[in-house]
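K.L.:
Guided by the hints, dock chain B onto chain A, whose structure is given.
Protein chains: 2
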Amino acid sequence: MSIYRGLIVAVSGPSGVGKGTVLARVEELLEQANPGSVGHSISVTTRAPRGQEQDGVEYYFRTKDEFEQMIKDGKIVEYDQYVDNYYGTPSDPLDEMLSKGQDVLFDITIEGSLALNRKFDVDTVTIFILPPSMAELESRLRGRGTETEEKIAKRLAQSREEIKRAGEFEYIITNDDVDRAARDILAIITAEKLKASKNINTAKELE
Amino acid sequence: MSIYRGLIVAVSGPSGVGKGTVLARVEELLEQANPGSVGHSISVTTRAPRGQEQDGVEYYFRTKDEFEQMIKDGKIVEYDQYVDNYYGTPSDPLDEMLSKGQDVLFDITIEGSLALNRKFDVDTVTIFILPPSMAELESRLRGRGTETEEKIAKRLAQSREEIKRAGEFEYIITNDDVDRAARDILAIITAEKLKASKNINTAKELE
Numbered sequence: 004m005s006i007y008r009g010l011i012v013a014v015s016g017p018s019g020v021g022k023g024t025v026l027a028r029v030e031e032l033l034e035q036a037n038p039g040s041v042g043h044s045i046s047v048t049t050r051a052p053r054g055q056e057q058d059g060v061e062y063y064f065r066t067k068d069e070f071e072q073m074i075k076d077g078k079i080v081e082y083d084q085y086v087d088n089y090y091g092t093p094s095d096p097l098d099e100m101l102s103k104g105q106d107v108l109f110d111i112t113i114e115g116s117l118a119l120n121r122k123f124d125v126d127t128v129t130i131f132i133l134p135p136s137m138a139e140l141e142s143r144l145r146g147r148g149t150e151t152e153e154k155i156a157k158r159l160a161q162s163r164e165e166i167k168r169a170g171e172f173e174y175i176i177t178n179d180d181v182d183r184a185a186r187d188i189l190a191i192i193t194a195e196k197l198k199a200s201k202n203i204n205t206a207k208e209l210e
Numbered sequence: 004m005s006i007y008r009g010l011i012v013a014v015s016g017p018s019g020v021g022k023g024t025v026l027a028r029v030e031e032l033l034e035q036a037n038p039g040s041v042g043h044s045i046s047v048t049t050r051a052p053r054g055q056e057q058d059g060v061e062y063y064f065r066t067k068d069e070f071e072q073m074i075k076d077g078k079i080v081e082y083d084q085y086v087d088n089y090y091g092t093p094s095d096p097l098d099e100m101l102s103k104g105q106d107v108l109f110d111i112t113i114e115g116s117l118a119l120n121r122k123f124d125v126d127t128v129t130i131f132i133l134p135p136s137m138a139e140l141e142s143r144l145r146g147r148g149t150e151t152e153e154k155i156a157k158r159l160a161q162s163r164e165e166i167k168r169a170g171e172f173e174y175i176i177t178n179d180d181v182d183r184a185a186r187d188i189l190a191i192i193t194a195e196k197l198k199a200s201k202n203i204n205t206a207k208e209l210e
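Chains as they are written, first to last, in the working numbering: chain A, 4 to 210; chain B, 4 to 210.
Pulled out of the complex, with its shape left as it was, chain A reads as follows (with noise of 0.2 Å):
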């Protein structure tokens, strides 16, 4: 068998389809067959250090200008701002992970998921993932108790939105159950591997 090299599944969807219960899912499967094969990004941002928190565990904290350097560099794939600080994922521990073998889940917005696929282009899958119906996903965001009656109209409507653009993923999977949603996208992963462009040496190999 040849070594594959690691693939970065970047999953988007609308608020309160269960994105982070299906990766969490997906994680636990991919570890059960063979430990150690999921990697994890650490973001990069310019807020300061909290508590105990260390650089390169929680996250990798550098200043606003080194940042900003970073994104000249080529060095961050993806960012946002968030109340005057930066977020961002770097590439060269992607990098890193992807060459040793790991898997790397993303549970990230749309654009997030569009620049890892052109920065990483055939490293990357892209997965959308749909509710079952918009009155399952406006039950699931009432479920949470936390979210006031206008604040519920303004996540359907944004959702709304989002939908209209899964067409620019490369799978849609809809999330009925955890489990099937999850070994949906291990069948996304374990195809993806399996393509010919990934598997030409193999062929070359045995001549």
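Just so you know, the hints here were simulated from the structure itself, not pulled from any lab data.
One or more of the hints may lead you astray.
Taking lysine-lysine pairs in the DSS-like style, the calculated list, with each CA pair at most 30 Å apart, reads [to be verified]:
{"id": "1", "chain 1": "A", "residue 1": "K196", "chain 2": "B", "residue 2": "K196"}
{"id": "2", "chain 1": "B", "residue 1": "K103", "chain 2": "A", "residue 2": "K167"}
{"id": "3", "chain 1": "A", "residue 1": "K198", "chain 2": "B", "residue 2": "K122"}
{"id": "4", "chain 1": "A", "residue 1": "K196", "chain 2": "B", "residue 2": "K78"}
{"id": "5", "chain 1": "A", "residue 1": "K207", "chain 2": "B", "residue 2": "K78"}
{"id": "6", "chain 1": "B", "residue 1": "K207", "chain 2": "A", "residue 2": "K157"}
{"id": "7", "chain 1": "B", "residue 1": "K167", "chain 2": "A", "residue 2": "K207"}
{"id": "8", "chain 1": "B", "residue 1": "K207", "chain 2": "A", "residue 2": "K154"}
{"id": "9", "chain 1": "B", "residue 1": "K103", "chain 2": "B", "residue 2": "K78"}
{"id": "10", "chain 1": "B", "residue 1": "K167", "chain 2": "A", "residue 2": "K196"}
{"id": "11", "chain 1": "A", "residue 1": "K103", "chain 2": "B", "residue 2": "K167"}
{"id": "12", "chain 1": "A", "residue 1": "K167", "chain 2": "B", "residue 2": "K198"}
{"id": "13", "chain 1": "B", "residue 1": "K198", "chain 2": "A", "residue 2": "K103"}
P.N.:
Chain B in isolation, oriented as in the chain A frame:
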């Protein structure tokens, strides 16, 4: 859930690689999960029926003129000539099975796989099966006990030529274990059906 259109699974690989055994296992697993979900393509031939053979059961029996007219009308996806008779895959029954959501598995030549992919495009996935090694392939051919040394040498040379064309397929898998190879094909079938191009309507219906 939307009703998926079935998928043509066109599998090629060198003689002795175990295509038939792997596909029998794939069919068994698909039927277990969803009885009636696998359709069987019946070939058209110009040879005469033998014994109890019935039209539309073992083969569709047609005259040479009828067969050549079917070719002209684009009703034959791919065909071969053998001992002065034509054998081909008719497209209408295939299209009908796909419409009913049935998957149709083909253990077929390289040219046959590529022809299916040209004619049925998005409905077809092409998979090339590699042996774990050329030594293993040789030992499998020898294990049949029915071939002369000369024939084995000829088959191996032909296998090497065929393996050079693996890159013309969408997926490449290795048959080091029948069950694993079958599960690889199942993962490919699952993933193909989750492609965004086939699920964009599910997203649209939610909006």
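K.L.:
Taking the numbered hints from earlier one at a time, note which ones the structure violates and give those numbers from smallest to largest.
P.N.:
4 and 5
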